[in-house]
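Novice: So you can see what is in the structure, the chains are spelled out below.
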Amino acid sequence: MTKADDHPLLSVRNLRTYFHTFSGTVKAVDGVSFDIGQGEVMGLVGESGGGKSVVGFSILGLIDSPGRIEDGEILLNGKDLVTAGEAALRDIRGRNVSMVFQDPMTSLNPLHTVGRQMDEVLRLHTDLDARARHVACIEMLESVGISRASERLKSYPHQFSGGMRQRVVIAIALLARPGLIIADEPTTALDVTIQSQILKLMRQQIAEKGASMILITHDLAVVSEMADHITVLYCGKVVERGLTRDLISAPSHPYTRGLIASIPDATDRQDRLSQIPGSVPDIRNLPMGCNFRERCPRAQALCAQQEPELMPQHGSLRAACHFPLAPGDTA
Amino acid sequence: MTTGETPILEVRDLEMHFPIGGGILDRLRVGVRGISLDNPVVHAVNGVSFKIARGEIMALVGESGCGKSTVAKTIARIYQPTGGEIHVEGQDIAGMGFSDLLPVRARMQMIFQDPYASLNPRQRVRDIVAEPLLEQTKDAQARKEVPRRIEELLARVGLNAEHAGRYPHQFSGGQRQRIGIARALSVTPGLIIADEPVSALDVSIQAQILNLMSDLRDEFGLAYLFISHDLSVVNHIADQIGVMYLGFLVEHGPRDALFSKPRHPYTRALLSAAPSIKEKRDTEEIVLSGEVPSALELPSGCCFRTRCPFAWDRCATERPQLQDVGEGQTVACHLIDAPERDTA
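Going line by line, the protein sequences match chains D and B. Heads up: the first sequence begins at 3 in my numbering, then just goes up one per residue. Heads up: the second sequence begins at 988 in my numbering, then just goes up one per residue.
Worth flagging that the hints you see were computed from the coordinates, not collected in a lab. All of these numbers come straight from a predicted model, not from anything done at the bench. Treat the hints loosely; a few may be bogus.
As the list claims (entries may be wrong) - Taking lysine to any residue pairs in the SDA-like style, the calculated list, with each CA pair at most 20 Å apart, reads:
1) D:Lys202 to B:Ala1129
2) D:Lys81 to D:His9
3) B:Lys1265 to D:Asp221
As the list claims (entries may be wrong) - A few chain D residues that face chain B, going by a derived Cβ cut-off under 7 Å, partial list only:
4) Ser50
5) Gly80
6) Lys81
7) Asp82
8) Val84
9) Ala86
10) Val194
11) Thr195
12) Val224
13) Ser264
14) Leu275
15) Gln277
16) Ile278
Even glycine gets a Cβ: it sits at the ideal position worked out from N, Cα and C.
Using the sequences and the hints given, assemble the complete structure.
Specialist: In structure tokens form, the structure reads like this:
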């Protein structure tokens, strides 16, 4: 990857993942595109049902019936994962792309020791012999801050606390030194002091190994501390993206601004939180035009007729809005 | 609370210990001095005291397992406390039986964290909201008023009359939490115990529910005991805050004092660990290592000493008591007596 500048590590083009359910087609991801360069951290944010987890699952080819990738390309180092077969995907998972899930209890196998689950990754993806694998597992556990690593390898997942379990999951994700880590709400199930330990650990490990990361989360505060750039999803579509500092300090899409304004801040208190009225529309039955218009304070007649395209805005931002906010706009 | 008015809730030395014995054979221990029986006890709440005045919002914060939800459930008398007093409008309810508690429940209601699990999936919304009210109203004439009252309540929490005939699964998480709030309001209580009422909700919906809760406080003079792990939510809504760790109240005081001058190392660590979209403040950052010890065997001395960066030998031998540091703020930490050891 000496020519990292030529093409991004991962390039998702016009991805559409639909779920064909009995009560209608759910367009969970509907025309999403983004690029991630070597060593970058991208935040993928949005509310429940925004489609952010489905993007992660689509990249790893983990979409099961009734879901299907209908259209689009997922290029990892130039190789399309959508058309790659299951055998090729099995080889990529864990080796090139690995995933950290929200719930560390359900993503580890309760019947196998942590050591065995770690060893599996190396057995499948490297040529190391048993002794070398054992040493590598111990080193990795120590690097994620688990002491007495050689003893802990013999423990089962239930013998770890939530924070320790998530460290194990991160260790497994990093073992084969993948170029890309997809972290789906990695700290949502954890307490705040443990969350800050885990975030620090992930930041440090990614920088050390030169890996890239997609951080999927609903928590804008976490993403603003971790990500280089942010993509905001609403109803399966990208509504805004740009560099973290631009997007957080002066968002141009009213949805992004609404999300940021509704976060109560521990360091600064307002009397009343600004709120986004209403709730996310039924994704099987989306309104005409802009999906956000029914909750948007800036909506006009045009928004009901025509769906906005992602257009360049101020700074590094691109937003899909007919009436985007300029920096300093209040209404 | 400088006036002589009785607080709506006063808790004194509340203690809640859960025995987790199991069968006699599980507990049997054979040692050198013969056979003994083990009595493992979870020390969930260890002597917590506070007062809430009418119309006041008190928040209890802390991490999972610190006992904050147990405090809420014990005050609501879902649990029978193992020690201490719970005064609701001056009346001690700690030892009351089921039937004596019925009138108390008209003055104190609860909102739960999970809006999916706390509503009966087989009841229509109107029956869910009416249930506490019907339980409290035995007079036939007054019962006739109930349907009209339900309609008013649903309108007040932002639902409309046609919602009354629907079932919980037809609502989103935020709407379900509104139903839970309407149910709690139905008996016009003075105190609402809210156990993580917004932590299952998306941030835009969370703001709606928090705003609704503060409006209701202003309108009905409600007091809340607000349980949360989220400091930013607590900073937004609370008048006074208690910080819990391992079943102990380690710091307690008015919101502004606690946020601007946190004294206990644990409070300071919590505040600096909270992620923020604002530029990172440059103030001290206490990063905690390790995790909360087991409530089965509390550490000797200070409960926090195993993770505290300042702990010294006194902390292992003597349990710090809450002491006044001015402006109504109380802190349980030996650092208050030894400020020279505070090096952060």
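Novice: So, for every hint listed, does it hold in this structure?
Specialist: Hint check:
1. Proposed proximity of lysine 202 of chain D and alanine 1129 of chain B is contradicted: the alpha carbons are some 60 Å apart, above 20 Å.
2. Proximity of lysine 81 of chain D to histidine 9 of chain D is assessed by CA-CA distance (about 11 Å); at most 20 Å being required, the pair is judged to hold.
3. Simply put, lysine 1265 of chain B and aspartate 221 of chain D have alpha-carbon atoms about 13 Å apart, close enough for the 20 Å limit, and the pair holds.
4. Given the 7 Å rule on beta carbons, the hint for serine 50 of chain D holds: about 6 Å separates it from the nearest Cβ of chain B.
5. Evaluation of the glycine 80 of chain D hint against chain B yields a violated restraint, the C-beta minimum of about 35 Å exceeding 7 Å.
6. The beta carbon of lysine 81 of chain D is not positioned within 7 Å of any beta carbon in chain B (closest approach about 35 Å), and the interface hint is therefore violated.
7. Evaluation of the aspartate 82 of chain D hint against chain B yields a violated restraint, the C-beta minimum of about 34 Å exceeding 7 Å.
8. Violation of the interface hint for valine 84 of chain D is found here, the shortest Cβ-Cβ separation to chain B being roughly 30 Å, above the 7 Å cut-off.
9. For alanine 86 of chain D, the interface hint is violated, since its Cβ never comes within 7 Å of a Cβ in chain B; the closest pair sits about 34 Å apart.
10. The interface hint given for valine 194 of chain D is met, as the beta carbon of that residue sits about 5 Å from the closest beta carbon of chain B, less than 7 Å.
11. Evaluation of the threonine 195 of chain D hint against chain B yields a held restraint, the C-beta minimum of about 5 Å falling below 7 Å.
12. For the restraint placing valine 224 of chain D at the interface with chain B, the shortest Cβ-Cβ distance is roughly 5 Å, inside the 7 Å limit, so the hint holds.
13. This hint holds: serine 264 of chain D has a C-beta 4 Å from the nearest C-beta of chain B, less than the 7 Å allowed.
14. For leucine 275 of chain D, the shortest C-beta to C-beta distance to chain B is roughly 4 Å, which falls under 7 Å, so the interface hint holds.
15. Interface hint at glutamine 277 of chain D: satisfied, since its Cβ lies 4 Å from the closest Cβ of chain B, which is below the 7 Å cut-off.
16. Among the interface hints, the one on isoleucine 278 of chain D holds; its C-beta lies about 4 Å from the nearest C-beta in chain B, closer than the 7 Å criterion.
In this structure, the earlier hints numbered 1, 5, 6, 7, 8, 9 are contradicted, and the remaining ones agree with it.
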